[in-house]
Structures are given as C-alpha cells and as structure tokens.
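Two chains, two frames, a set of hints: combine them into the complex.
Letter by letter, the chains look like this.
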Amino acid sequence: MLQFIVGRVLWFIPTIIAIAAVTFIIMNLTPGSPFQPAGANNLREDIIKNIEKQYGLDKPLPVRFVIYLGKAARGDFGESYTRRPQKVNDIIARGFPVSLHLGAMALGFAIIGGVSLGILAAVNQNGFIDYASVTFAILAYSLPSFVLGFLLLLLFGIWIPEWTGWRFFRIGGWQSPRDWILPTIALGAGPFAQLARYTRSSMIDVIRSDYVRTARAKGLAERKVVLKHVLKNALIPVITLVGPLFAALGTGSFFVEQVFRVPGIGQYFVTSMTNKDHPMILAVVLLYGVFLAAMNLIVDIMYGVIDPRIRLGGG
Amino acid sequence: MATPREQVSQAELLAEAAEAVPIRQASLWGDAWRRLIKNRLAVVGLIIVSIFTLTAIFAPVIAPYGEAEVVAPELKFAPPSWYFPMGIDQNGRDVFSRIVYGARVSLLVGVVAQLIVLAIGVPIGAIAGYFSGRVDNFLMRTVDVFYAIPQLLLVLLLVNMLGPGMKNIFIAIGITGWVTEARLVRGTILALREQEYVKASRVAGAGGTYIILRHLLPNSMTPIIVALTFGIPTAIFIEASLSFVGVGIRPPQPSWGQMVGVGQQYIQSVQHLMLFPCLAIGLTMLAFTFLGDGLRDALDVKMND
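From first to last, the protein sequence lines are chains A and B. Position 248, counted from 1, in the first sequence is what our numbering calls 248; the numbers after and before it change by one each time, with no gaps. Numbering-wise, our numbering comes out as the position in the second sequence, counting from 1, plus 315.
In case anyone wonders, no lab produced these hints; they're calculated from the structure. These numbers were taken from a predicted model, which means no experiment stands behind them. Quick reminder that beta carbons are idealized off the backbone N, C-alpha and C, glycines included. No false leads were slipped in.
Some, not all, of what chain A presents toward chain B, calculated at C-beta under 10 Å:
1. Thr15
2. Ala18
3. Ile26
4. Leu151
5. Ile158
6. Gly250
7. Thr274
8. Asn296
According to the in silico footprint, chain B covers these stretches of chain A (three or more CB under 8 Å from chain B):
9. 139–146
10. 252–260
11. 275–288
Here chain B stands alone, though its shape is the one from the complex (with noise of 0.2 Å):
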C-alpha cells in the first residue's frame, strides 16, 4: 500500500508527465494566426503595414533630414537623385525626409482616432444592445440621425469648429466615428444575449455589469478588431483629405495629404511632388485593405467548418 505521501508524489508524477506531452493548442488567437499567414495578400498587408509602423516610429533615425528642415534652398523643385531620392520640395525641403515624418503623423492619427472611437463606441453599443427596450431605442436614434450625415463632412465641420491641428483631428475623428463602432457591438451583443451561457450566467444571479464585462465584451473580441483594423485606415484617409483641402494638420509639420494638396499646385511642372505622398497614402491603404481582409477571414467563426 502507498502511503498518502507517495500517493500525492505519484499525482505530481503524472501531472508532470501530462503536461511533458506537447498538446497542440487549439486556440482562437493560434487558429487564427495560422490561418492569417496562409493568406499570402494577409501577410502582403502585415509586412508593409510593419514597415509602416517602424518608419513612424523611428522617423528621426531613418530621416536623413528634420521635417521642417531647409535642405538645399538653391535645389528648390529639383527631381528625384541619388542624394535626394524622392527630390527637394518648393522651399528646399527634402521630400524623402517628409515621407518619413508624415508616416508618424498618419500612424498617431490612425491610432488614437480609433482609441477614441472605441472607447465612445464600445460601452454605448454595449450598454444599447444588453439593455435594449428605451434605452436602446434613444441610443440607436441618435446614431441614426450621425448616420444621415457624411462623417467627412461632420468631421470638416467640426475641425473647422475646433481649429486645425493634430489634436483636434483626433477629438473630431473620435465624436463622429463611434456611431459605426457602437452599432457593430450592438449588433453582437444583441446575438450574443440570448446564448446559453449568458442565460446560465444571468439565472445564477450575475449582474448586467458583470455579465458585459466578463462575457459579452470578451466574445464580441473578434469584429471589435476587425473593424479596428478597417477604422484606422478610414481615419487615416480623413487626415490625408482634411490636410489636403487646407484644414488638418498645419504647415511646417509634415502630413501626406497636405504634400498632395501643395503638389497640386505645381503638378504642370514638377510632379514628384505629388507621386510620392500619393503613393504613401495609397499603398498604405491598400496594406490595411490586405491585412484587414485576412484578419476578418482569419478570425470569422463561421470560416471554422
């Protein structure tokens, strides 16, 4: 007869060989990352869009040049060459080095836009969805009558309010672009509410709080990202348009959309002015179209069978 003593070793004995056999691991988030990197245009998206972020984030150590800093005031216009790969800009700046410095300010907007957003969005789409009846009805009329107005044009009435500048961009971003969040989370919520295991939870006697928080938020994970994936380009988009008609970020800091508004200026003579910036914006649009694309494929549940 074993003792108790070398009965509890032999569980630990066991316990340890169990968790020597490698297990895979069926996760979600392992799932879907396998699934993501099997998506070759996925994975197009993820490089550049990595490339993207360590470009803002190192800018000053890549830049060869300040953002605002006069180059070659005698080279003013001067195309694309070895020294100046994307060529000099009107007042002598180098294009190249504002490249490099616009990607911070259209990573910043893009991030911070959706952070605003989603803090705005997530708890009113949450609170709407889980307690339906008058609330969601108020709720849901007020994102109706956001809906009936172009988010761009809210948005240029509101920098326009505010003045121009990075933070106002993020402040009018954020108050005219959680309508698209806060439905998207109703809309989970409200399918979410009647599963078993909420019915399970609220029978036991968990509060509405509790009941979001721990069970309803956590499983609406998945389009949250998604749409945070498709959020920032759209916020990036209106940076890149505010600052081109004039009224986002203010000169001398550098912004893509700003550089194409001044290239259209000059687009008889110069055009390297306007291809660059140009072509920022849009391949790093089309990186989020790619990567967000893979993700909602990598992580819609329906994609399991």
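The shape of chain A in the complex, shown without the other chains (with noise of 0.2 Å):
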C-alpha cells in the first residue's frame, strides 16, 4: 500500500514537468510577442526587445524552462505581463478559493443528489421515479454547463422576476449566499446526472447478486438489504467516477464563472491566453494539473482502502 503511494506520488513530478514542457511548447510557438498588443500602440522593436531582456525572454527556449521549473518549484510563478506589477501567486490566492468554494459546493451537491437519485431509481426499477430520474439525468447531462447556466439565468434572473415581481436571484455576482445557489446548479448538474446514472446502473447489478438474495430470503427488511448490503457493494465503482468528475467541474467552472460573473480564476483563463500572459497561462494550467493529479491520486488510494479486494500493488 505505502509503496503504491510512494510510486504514484513519484509518477507525479513527470506527469507536472510534461504538462508543463506541453504548455510551455505551444505558448513560445504561439506568433507574436507578449509585449506587442495586437493593433494597439504599435512599439518599436528595439523597445520590446528590451522589455523581453528585462523578463528574460531572450534566454533559448530550455534555459528558460529549466529557470522556470526551478521558481515554480519554490512557489514563485512569477510577475504577471499585463496585469503588471501584479505577482501570479496573489492574483491566483485571490481568485482560486472563490473557484475552490464554487467546486465544492458543485461537488458536493452532485454527490449528495446524484447518489441518492440513483438509489431512488434503482430501488424503483422501471417505476414512475426511475423513468423521471433518468429522463432528468440525460437532460442534465447532455446541456453544456454554460448553455444550462443561461437558461437558469434567463428563468430565473429575468424572466420570473419580470412576470411575478419576486426578484430572489440576481444576474450574476457573489456577493451574498442566495448567489451561490444557481452556479452551483448550472456547475454541478452535469456530474450530478452523470452520478445518478452510474449509481442506479451498479445498485441494479448489486440488487441481482445472489447474497443480497440471501438476504431477503432470511426474512430481513427491504429497508435494510438495501442500506446494509446492497449500498455498500454499489457505491464503490462510483467512486472511480468522482475523479473524472474533477477534471468536469474544473473545465465547466471557468464557463459557469463566466456566465454569472463569479470572481474566480476562470476568468484569467481565456484573457491570459489572448493576450500571451505566459507567467499566468502556465500558473493556470499547472495549478488544474496539480489539483487533477492529486484528486485522481486521492480517489485511487480511497478505492483501495474501500475496497480489500483490490490489491493496489502490481501495477
């Protein structure tokens, strides 16, 4: 057990450097220098020239990359371009909790709703709640979180408040609780569907096994063959799943974020990359390679501390 964790936690460091070397690759590939806004003021070339001395851009591609891994390493992401004399550290430390906060509480509403919807509809096979849940859950799931967080707007931001004057939820913001509530439904419902979906489809496999059989078949109660030993065998493949859910909720904030104007990293996403902040693009992008890695590690060792049957040496 502790060796797989050693080995996974080794297998990190090249997995960041090779996220790092792609990201780094393609932005110095990307035409134009960072410092010559594209149309705007138009610089003279031997003035830009000198900014990039100043940031050390004249420096061959490897140098540069080696002087980078070792700030980074250390915690030091540099001085962003554009938005100068700004460090990336506290530009990040401001908008990452509001985006960590944004996650979780996704999060935690996918898990919380997801799983039990998919209970409800497997203990309901073929029922009325089975086929509205799954009805539900394909709809969730196929919506592009921003497409949803849109409609969420439109209905609930404007369209409800214009025919019946009750004016609960505001267009975007974050400034109070009651703001939290529709990004957090616009972020979490695709995970959420995708939960309920797995969920119900692996407490029916479970529901057909021949112990829980024996289960009823000693008399014991409906109520509890399904929370004693139907739930525990069902729930851990669907832990495989919170890992890719991550990579989801990642991806689907910085456009949720962008639809209800929430103060979160996403939104140097996008801006950073069009105007060639390379000390923030990199910041960025390691900073959701990390947070990956680490989830996809967590639920890895989770998994095995579930589940006994599952060696995690070998591999």
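Right, dumping it as structure tokens:
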C-alpha cells in the first residue's frame, strides 16, 4: 500500500513537468511578442526587445524552462505580464478560493443529489421515479454547463422576476449566499446526472446478486437489505467516477464563472491566453494539472482502502 | 439416368428455389437497426439529428437571408415576429438565418474533427493493442500525459496559437481528441487478440497488418461507431465553448456559441439573442446523446441474450 502511494506520488513529478513542457512549447510557438498588443499602439522593435530582455525572454527556450521550473518549485510563479506589477501568486490567491468554493459546492450537490437519485431510481426500477430520474439525468448530462447556466439565468434572473415580481436571484455576482445557488446548479448538474446514472446501474447489478437474494430469503426487511447490503457494494465503483468529475468541474467552472460573473480564476483563463500572459497561463494550467492529478491519486487510494478486494501493488 | 448437363441444371434449379425462400437476415446491422427503432428516445434523437443535418446541408435554401446579411438595420434588437421568427440581432441581421447557418458550422466541426480523431486514434490504438510490450507502453504513457490536461484547456491553448477559424478548430480538436479513441481501440483489440479465430489466423501464417485490418478492426467497429456518436457532440460542444469565449469561429460567420457570447452582453434588455442559440446547442447535444445511448444499447453484443 505504502509502496503504491509513494510510487504514484513520484509519478506525479514527471507528469507535472510534461504538462508544463507541453504548455511552454505551445505558448512559445504562438506568434507575436507578449509585449506587443495586437493592433494597439505599436512599440518600436528595440523597445520590445528591451522589455523582453528584462523578463528574461532573450534566453534560449530550454534555459528559460529550467529557470521557470526552479522558481515554480519554490512557489514563485513570477509577475503577470499584463497586470504588472501584480504577482501571479497574488492573483491566484485571490481567485482560487472562490473557484474552489464553487467547485466544492457543486461537487457536494452532485454527490449527495446524484447518489440519492440513483438509489431511488434503482429501488423503484421501471417505476415512475426511475423513468423521471433517467430522463432528467440525460437532460442534465447532455446540456453544456454554460447553456444550462444561461437558461437558468434567463428563467430565474429575468423572466420569473418580470412575470411575478419575485426577485430572489440576481444576474451574476458573488456577494451573498443566494448568488451561489444558480452557479452551483449549473456547474453540478452534469456530474449530478452522471453519478445518478452510474449509481443506478451499479445498484441494479448488486440487487440481482446472490448474497442479496440470501439476505432477502432470511427475512430481512427491504430497507435493511438496501441500506446494509446493497449500498455498500454498489457505491464502490461509483468512487472511480469522482476523479473524472473533478476534471469536468474544473473546466466547467470557468464557463460557469463567465456566465454568472463569479470572481474566480476562470476569468483569467481566456484573457491570459489571448494576452499571451505567459506566467499567468502556465500557473493556471499547472494549477489545474496538479489539482487533477492529486484528486485522482486520492480517489485511487480511497478505492483501495474501501474495497479490500483491490490490491494496489503490482501495477 | 440424368446426363451431367441435366444434373447441373437441376442443381441450378435447387439453388434458385433456395434463394426464393425468404430467409430472415440476421445480420449484426439489421438486428441493431431493429433494436434501435424500438427505442423511442433513440428515434427522437435520430429524427432531430437528421433535421439538424438536413438544415446544415440545405442552409442556403432554408435560410430566408444570408448568414451575415444586414436585413433590417432600423429594427435592431427587434423581438421575434411573424417575419423574423427569432428576431433581429444587434447589427440588424435575421437571427433565424444565422441559426440555420450556424448548424452548418456545428455539423462540419463535429464531423471533420471526428474524422481527424479517428484517423489518428484508430491506428495508434490498434498498434498499441496488437503489438503490446514496449510500443504499447510508450504510446500509453503519451496518452497518460494528454489525459492529465483537460481537453478543453489544451484546445484553448492550441487555437490561441494557431489563431481562430474553422480549420484551426478542426486541427486542435483532432490533435487533442485522439487519446480517448486510441484507448478505446487498444482495449477492444487487447480483448480480441486472444480470440480463437485470431490465433488460428496467426497460426496459418498471417502477418500483423493483415490480422489487424482483416480481423481486429472489423470486429472493433461497434465500439468505434458508438464513440463516434458521442465524439461528434463533444466536438460541437468544444467549438461552441471556444466561440462563446471569443476564440473560435471568426465573425461575421455565425456560430451558435459565438451568438450566445454576444447575447450575454445584452441579456438585461433583450433575451432572444441568447435564448435561440442556447436552445439550438441544447437540442443538438440532447439529440446526439439520445442517439448515442440508443446505438450503444442496440450494438452492445452483451444485450443479445
């Protein structure tokens, strides 16, 4: 077990370096200097060269990459090109807690709601609740989060207030807890639906198994069968889904943040790319990469702890 | 005694008679089709996808105006009416016509990007699956690195490097999307490789390329097709997302995502600019999911019992 964890943590390092390298290469292949805004006041060639030198951009690519990695390993992500003299670290420190907050709420909503709905559907297989939840799940699963976000915004932010005068939800913002509700639903709906579908099919598989039939045969109440016997085993495969869900939440969040004007790091995502703000791009990509890898690792370990049948060694 | 000549003609007659007797064709595709059309949601999906495809192909016939034609500059932001069923946009263009032409962009991105994904992913997956060992290891480590970065993020980086426009979106989705395909094909081929008929073929002296092309790939068709049905809406979604944040399709060419992005600026005062492209994206994604789910169930061999 320990060996597995150590191995996986070590595997972390080359993965992160590879992500940084891919980003670094793509970034530097992008034509145009980061200090030459397209169209705007054309700076003289030698002035640009000077600024680039100041930021160390005149050195060869591999050298810059190694310097960057060294600094990043010590937690210094440099100075933003477009938001000078702000430090990338400060910008991230301001936005990331908000993004994390939104992501955590959406994940909680998805896990609690999705798993419950999946259980309800499986227990009432082929009943009304089952069909209703399956239909709902397909709907929520296939709508992109920004489309769902806008539909919610139109309905609750504009039309319902217009028709009924009930102005509970506002159009965007992040000041009060009521502003958290719509973004959480928009971001969490996809994972919610996926979890519900997965829980349902996993439950149905387990319900048909022999030991559940035995439990019923010995006269256990249906409630107890479901809660004590089925649930435990049915939820194990569901855990594997949580890793990919983080990825979905991560990329979904920056569209949802854009829709509801949430001040997370999502807003820097696109602007830093179009502005060629290299330190910002790298920091954001690495943040997502490290976060995803860490979450996948935790999920893998949890999986081994919960299910003794899975031996983590070997692989 | 019948002469040899007569014998032949008798055999021919028998063969003809046998052909005349209707035999229930139990081909894989026939069965799958029957199962598919029994699934109500899948049929709904199929119909919507067909309408979407026809709209995209016949856009110039269906759309009353051009894709970027300024129709009524004096009626900017006019809400839906009899003459303009989806209203007028901020530049005085007909929203309905732009939605119709937007279907073209979506379909093209979905199909072409998936073709690129197939062209890269299938050979790599097949080679990794068949020649396991070192080749497999190397290819799968590459896949792992790609997997560690969310696709949308990588596509954003690439499109930003290549510049906006449809061609670059194809390339970016193709370069980043093959990973899933390669994994899928590799897994299928790993399972098929140990089948009796493949072993028999190998014993009979068939080479790797022959076995892959003749036995393994044809038998991996069903998962590839299902992946394709899910891949097309993914590509459509990525294009919509890119265009929504303004790095995708260049205006004045319309794209649904881009229309949503523009509509957001005016959401407080007019809503039809945002509503119709949102519905178009939502409906298309929904239809492809219905169809994909139906196809997966219909083609799943395990469902045969």
